[in-house]
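> Could you build all of it, start to finish, from the sequences and the hints given here?
For the sequence shown, our numbering assigns the number 1 to the initial residue and increments by one for each residue that follows.
Please keep in mind that the hints were generated in silico from the structure rather than gathered at the bench. Note that the structure is predicted; figures quoted are calculated from it, not measured. All C-beta atoms in this analysis are idealised placements derived from N, C-alpha and C, irrespective of residue type, glycine included. It is possible that part of the hints are untrue.
Stated by the list, open to error - Label-pair restraints from in silico Cβ distances: (1) ALA74 - ASP113: 38 to 44 angstroms; (2) ARG112 - ASP48: 42 to 48 angstroms; (3) PRO41 - SER80: 20 to 26 angstroms; (4) VAL56 - THR135: 33 to 39 angstroms; (5) GLU46 - GLU114: 14 to 20 angstroms; (6) ASP32 - PRO78: 22 to 28 angstroms; (7) THR135 - TRP19: 20 to 26 angstroms; (8) ASP102 - GLY138: 26 to 32 angstroms.
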Amino acid sequence: MDENTTTAKIAVVTDHNIWPGLACADPLAVRDWLSRLGFTPGILVEGDSSTQRQVVHSEMLWPEGGRVMIHSAAPDLPSSVGTGNVYVVVDDPDAVYRRALDLGAPLVRDLRDEEYGSRGFTVADPEGNAWSFGTYAG
Numbered sequence: 001m002d003e004n005t006t007t008a009k010i011a012v013v014t015d016h017n018i019w020p021g022l023a024c025a026d027p028l029a030v031r032d033w034l035s036r037l038g039f040t041p042g043i044l045v046e047g048d049s050s051t052q053r054q055v056v057h058s059e060m061l062w063p064e065g066g067r068v069m070i071h072s073a074a075p076d077l078p079s080s081v082g083t084g085n086v087y088v089v090v091d092d093p094d095a096v097y098r099r100a101l102d103l104g105a106p107l108v109r110d111l112r113d114e115e116y117g118s119r120g121f122t123v124a125d126p127e128g129n130a131w132s133f134g135t136y137a138g
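Here is the structure:
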C-alpha cells in the first residue's frame, strides 16, 4: 500500500437510527409521490392551527429497509424546501428507474454503472429534492 492509499475498517451495522428529514411546502404531495415510487406510508401527524404546519411529523418506509421523515417547512426548522438529497439502496434500480420515469420525475442523473460497482440514478421530487437510488450499500 502506498502513502496515498487509506484503508478503513468497514463495520456492517443493521439499524434504522438515522432518518433523513425533508421540509416540504406540500408534504402530502411528496408523500403521495413517494408512495407511487414504491415507499410505504408510515405514521402521519397533521398539525393544527397552533403549529401553523400542515404536517408535523410523518414517515415513509422503503420496503428494502430504511425510512425518511417528511414534514411541513416551518420557521423553527433550519431546512430549506427543495434542497434535500437522499440516497436509497435498492436491489433493482432498473425497476425503480422505470417507475420514476412513468411518474414523470425530472431526471437529475440518468441510470448508469459507476466505477465503484454501483448501478443507480437520481431524480427530483415535486419540490426539487434529489432522490438517488442505487445498489451501493457500503
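> Hint by hint, say whether it matches the structure.
Hints, verified against the model:
no.: 1; hint: ALA74 - ASP113: 38 to 44 angstroms; in the structure: holds (40 angstroms)
no.: 2; hint: ARG112 - ASP48: 42 to 48 angstroms; in the structure: holds (45 angstroms)
no.: 3; hint: PRO41 - SER80: 20 to 26 angstroms; in the structure: holds (24 angstroms)
no.: 4; hint: VAL56 - THR135: 33 to 39 angstroms; in the structure: holds (34 angstroms)
no.: 5; hint: GLU46 - GLU114: 14 to 20 angstroms; in the structure: violated (40 angstroms)
no.: 6; hint: ASP32 - PRO78: 22 to 28 angstroms; in the structure: holds (26 angstroms)
no.: 7; hint: THR135 - TRP19: 20 to 26 angstroms; in the structure: holds (21 angstroms)
no.: 8; hint: ASP102 - GLY138: 26 to 32 angstroms; in the structure: holds (29 angstroms)
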